[in-house]
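Sequential numbering from -9 applies to the sequence shown in this note's numbering.
Be careful, since some hints might not be right.
Below, a list of computed lysine-lysine pairs in the DSS-like style, where the Cα atoms sit at most 30 Å apart [claimed, not checked]:
{"#": "1", "residue 1": "219", "residue 2": "194"}
{"#": "2", "residue 1": "221", "residue 2": "19"}
{"#": "3", "residue 1": "119", "residue 2": "202"}
In case anyone wonders, no lab produced these hints; they're calculated from the structure.
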Amino acid sequence: MKNFVIPAVLAGLMASSFSFAAELPASIKEKGEIVVAIMPNYPPMDFKDPATNQLTGLDYDLGNALAERLGIKIKWQETGFEQMINALTTDRVDMVLSGMTDTAERQASVTFVDYFTSGPQFYTLQKNKDTNEIVDLCGKKVGTSRRTTFPSEIAEWSKANCEAAGKPAINVVGTEGSADARAQLRQSRIDAAMQGSETLPYLKTQEKDMYKTVGLPISSQFTGLGVSKKKPELSEAVKVALQSMIDDGSYQTILKKWELELGAIKTATINAGK
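Start from the sequences and build out the full structure, keeping to the hints where you can.
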């Protein structure tokens, strides 16, 4: 991953040059700190730098920038992903910022400030010169984790874009996970694979000159910063702070660092704008 430094002038602006219409909850103002759950096993969103064992990733950078802009300190708390919502609703953490998808089911207990979009995206080996557009995959074998919704999404896309055009259907191969799909791709057992668009830029940096993406994601979903429903002032303050970062370009700068500009949003929303 490329080295990256936010200019000092920009950092200063983030810290002091903005006023917000929304106020932080009194309890957070008093302690001057916000506790945020993260699980660093999801590069490039959340992981530990192999050289330093320090937290890094898109979520880490964004969380630190938001806290600075809100004038408070951030305390990262490593938490198992399956425990995050419970930790939030029981006030053991103030926020969750760990690549969590904003779903209707989760909205029942969590308020999401949406900050990113991602979706299932095809990729293949760079040496596969005959595969450059998604329609080139009609009639070919595509592998993806059977534990996700991706197999059914590929089948639906194939029906609408291959079969409807008189082309052969994509042959979907369920795999044990993303690593298994990549192994089968390298072994030429499948022609292409699919995984979340947010993970592919990092994958391409880890195995240089090995992979290329094919087309854009075939669907889109919001990734959200989770806040307890009991703290509407906090979610509103974070939304306003995030929007100010979008407006001045500092949000886009962070995404560019991680080569994730494809997932940028233009407007900060709560619960997918519902």
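Status of each hint after checking the structure:
1. 219 - 194: Distance ~38 Å between residue 219 and residue 194 Cα, so the pair is violated.
2. 221 - 19: 13 Å, holds
3. 119 - 202: 10 Å, holds
Checked against the numbered hints given earlier, the structure breaks only hint 1 and satisfies all the rest.
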